[in-house]
Amino acid sequence: MQGFDRKAMAARLAQDIPEGWYVNLGIGIPTMVGDYVPLDREVILHSENGILGMGPAPAKDKVDPWLVNAGKQAVTLRAGGSYCHHADSFAMIRGGHIDLCVLGAFEVAQNGDIANWATSENDTAPAVGGAMDLGAGAKRLWVIMEHTTKDGRPKLVEACGYPLTTPRAVKRVYTNLGVFDVVAEKGFVVVDLAPGVLLEQVQAASGAVLHTQ
Amino acid sequence: MQGFDRKAMAARLAQDIPEGWYVNLGIGIPTMVGDYVPLDREVILHSENGILGMGPAPAKDKVDPWLVNAGKQAVTLRAGGSYCHHADSFAMIRGGHIDLCVLGAFEVAQNGDIANWATSENDTAPAVGGAMDLGAGAKRLWVIMEHTTKDGRPKLVEACGYPLTTPRAVKRVYTNLGVFDVVAEKGFVVVDLAPGVLLEQVQAASGAVLHTQ
Amino acid sequence: MINKIVQSMAEAMAGIKDGSTVLIGGFGAVGQPDELIEALIEHGARDLVCVANNAGNGRVGLAKLMELGRVRKIICSFPRSAGSVVFEELYRAGKIELEIVPQGTMAERMRAAGAGVPAFFTATSVGTILANGKEQRDFNGRTYVMEHALKGDVALVEGWEGDRWGNLTYRASGRNFNPVMAMAADLTIAQVSHIRELGDLVPENVHTPGIFVSRVIQVDRGPAWA
Amino acid sequence: MINKIVQSMAEAMAGIKDGSTVLIGGFGAVGQPDELIEALIEHGARDLVCVANNAGNGRVGLAKLMELGRVRKIICSFPRSAGSVVFEELYRAGKIELEIVPQGTMAERMRAAGAGVPAFFTATSVGTILANGKEQRDFNGRTYVMEHALKGDVALVEGWEGDRWGNLTYRASGRNFNPVMAMAADLTIAQVSHIRELGDLVPENVHTPGIFVSRVIQVDRGPAWA
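Line order of the protein sequences matches chains B, X, Z and G. Taking the numbering used here, the leading residue of the first sequence gets 1, the next gets one more, and so forth. Taking the numbering used here, the leading residue of the second sequence gets 1, the next gets one more, and so forth. Taking the numbering used here, the leading residue of the third sequence gets 1, the next gets one more, and so forth. Taking the numbering used here, the leading residue of the fourth sequence gets 1, the next gets one more, and so forth.
Errors might be hidden in some of the hints.
Once the Cα atoms are required to be at most 35 Å apart in a straight line, the calculated DSBU-like pairs of lysine-lysine come out as [what the hints assert, rightly or not]:
| id | chain 1 | residue 1 | chain 2 | residue 2 |
| --- | --- | --- | --- | --- |
| 1 | X | K62 | G | K4 |
| 2 | Z | K73 | Z | K134 |
| 3 | X | K72 | X | K139 |
| 4 | Z | K4 | Z | K17 |
| 5 | Z | K17 | X | K139 |
| 6 | B | K60 | G | K64 |
If you are wondering where the hints come from, they were derived from the structure by calculation, not from laboratory data. These numbers come from a predicted model, not from an experiment.
Go ahead and model the full structure; you've got the sequences and the hints to work with.
Structural data, given as structure tokens:
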């Protein structure tokens, strides 16, 4: 069972983002999604730290130290982009103006619960950042993550074991094995599978029932 | 009994505003106060419609239709002035950043209550504007008004008869007859009287006891 | 390619439904989207709730919309002014509802709607008849009233410049209510004096980012406003 | 003449008391007032509550302030990062208190403090352990938690330009938390790269008006930031 590598996962998700959407990409694999949106399709990337219309990483000799993304990496601004302060930036998120947020996760439950910020209730100093704002505020939350943990435990689950980031928020999950919708009163529904991956393999790697459409 | 005319009232109040204060002047006599702040004393005038650092009326051939004050009169902007939107402008007021607001009033009570927006509870469509925001939000509220109504009824009263704008907000009142502090658990205290005006005359024109210091 | 610029007022007004709550920018005549209001009259939507600082002036614009019987209710801070003849006639005749809101509370309620805040507390209006029937609560020894977000189906705003992503700038005191209304409505329509190429607006100095704007149309306000 | 520009860090820090709540701008290194933080260390105030997005990096700046034992509590959204060694040591040793706040809630709580809003409702954190013990309430069928204003005694912010009235501009993503912190504190101290003559900043494009700024000091951030 091979499935997608990380780049292919990011590319698979990118193909589902229509022109004109305002999109916030989380740290890690989500950030890679931006690289796979075709250049002729205008998608406007938002970053929590007050950037709307974010562009790709700059050439090394073009780095502006005043311009970083939410992961604190150097980025650029596209023509038409703008800057604002943190409360205005989160007004965009919390006021329901962001069409799509893409986050990584530790676990996604079949009711749409997401856990992606703390590994236990006893975690001494977990870092929440803007994840709870994005989970509660964006019009849609999609998750992109490996289908299982490094030691093989499923990350699609019946109920999250880790502390929640946001309840009932995830609409769709992209993994190395496929794409899964989260459907109310049903659970995970297979949208499609990575090339060469069989449904029974994916089911075996999942902690919740996968429905077919 | 003569007392101050309107210009002298405005001038008397203006002399009590120290350099560096952020000041909002209401419509009517309060607006005139701005004309009597000496030019070498920097007082920063705020207008509810998003102006900080407002200047005097322009020459007729210099009117900018995009620049009006809260009374919708043409004004100018001083060097160092800036514009903002209505929520930010009222954040300045409601967040306690305005050092002084000067309003006109129908009545001021000895406990500092001010009534200046509606002439009866049955007023069909009273216009409140920003008066309640200013009354509740400015660090200090001073009132400037004639001492009595046109038909001679007192406007300094024991308790307001008109609907309140803000309870217990007024710190000082400037009238054509003098200047009066509102002191907690005491009431009106005479600061000084207009030239040629006697205390017993002012008392006779008032609906509440005037204390001397 | 994203292109929020529309070429006709019919396109600008498309989809505005009867019964809509319409936020209308401006403070007096300044920053007031006169051409969009005329287009809304032309469009014909009725049973509207209009949110604006003033209740119209003379017999044009918002006053005309009211006179035509299209406005069920007005939410404003300053309904009565020298020129608010139409409103006063309708109001006395019981033909229009009125909700008076302190000006700062009105601005903050729309900003709240745009920022995902359903309710907040403010000291404004405490101890007055405008707080009647509202929940009150003490914080740190002071009493506050609870106010609710004020959301629009539609916002009509006036900017100075706009581009095809919907970014706007405002001129001088023309800004006023426009930015908070733009963020508080599902469909925000902006009239602007100048269309700029994408990238011409300075990124630090965009006053309303395009995420809050649905459609942009250029209007000629005449030489006095140029 | 109003002149908020000060010439020395000692003047900039004058009056900061032990026990103060200090809001510190910046998102990572960008827009972070490094020179003011160093001056606060020099100034010597202790028993501080620091509000910042991150809990310091390496052993300089905020991390150094913590290492010196001056910080009683930190309020932040993202305490753990690759470089947050000092915080983690102190926290494990029980020598510093921590309040974790979602990033948007943190920004909104300070904006509320600046705008006279003592409390507001938000959907963020509902159904999570960060909502434990907080009042919850339904509006229009959705559940929200009540959050309180977060006010500072002092704010340390970084701007790009400043003038003698305290007006500030910011450059690119250096804006971040700085404007909301400036409005939320009693004493706001700004370091800027450039001092401008009064009137040189474009009135429409002042990002933080001087009413929110108490003192301005010019710093040289070096050629990389010029």
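A quick look at each hint next to the structure:
{"no.": "1", "hint": "X:K62 to G:K4", "result": "holds, 31 Å"}
{"no.": "2", "hint": "Z:K73 to Z:K134", "result": "holds, 20 Å"}
{"no.": "3", "hint": "X:K72 to X:K139", "result": "holds, 25 Å"}
{"no.": "4", "hint": "Z:K4 to Z:K17", "result": "holds, 20 Å"}
{"no.": "5", "hint": "Z:K17 to X:K139", "result": "violated, 44 Å"}
{"no.": "6", "hint": "B:K60 to G:K64", "result": "holds, 30 Å"}
Checked against the numbered hints given earlier, the structure breaks only hint 5 and satisfies all the rest.
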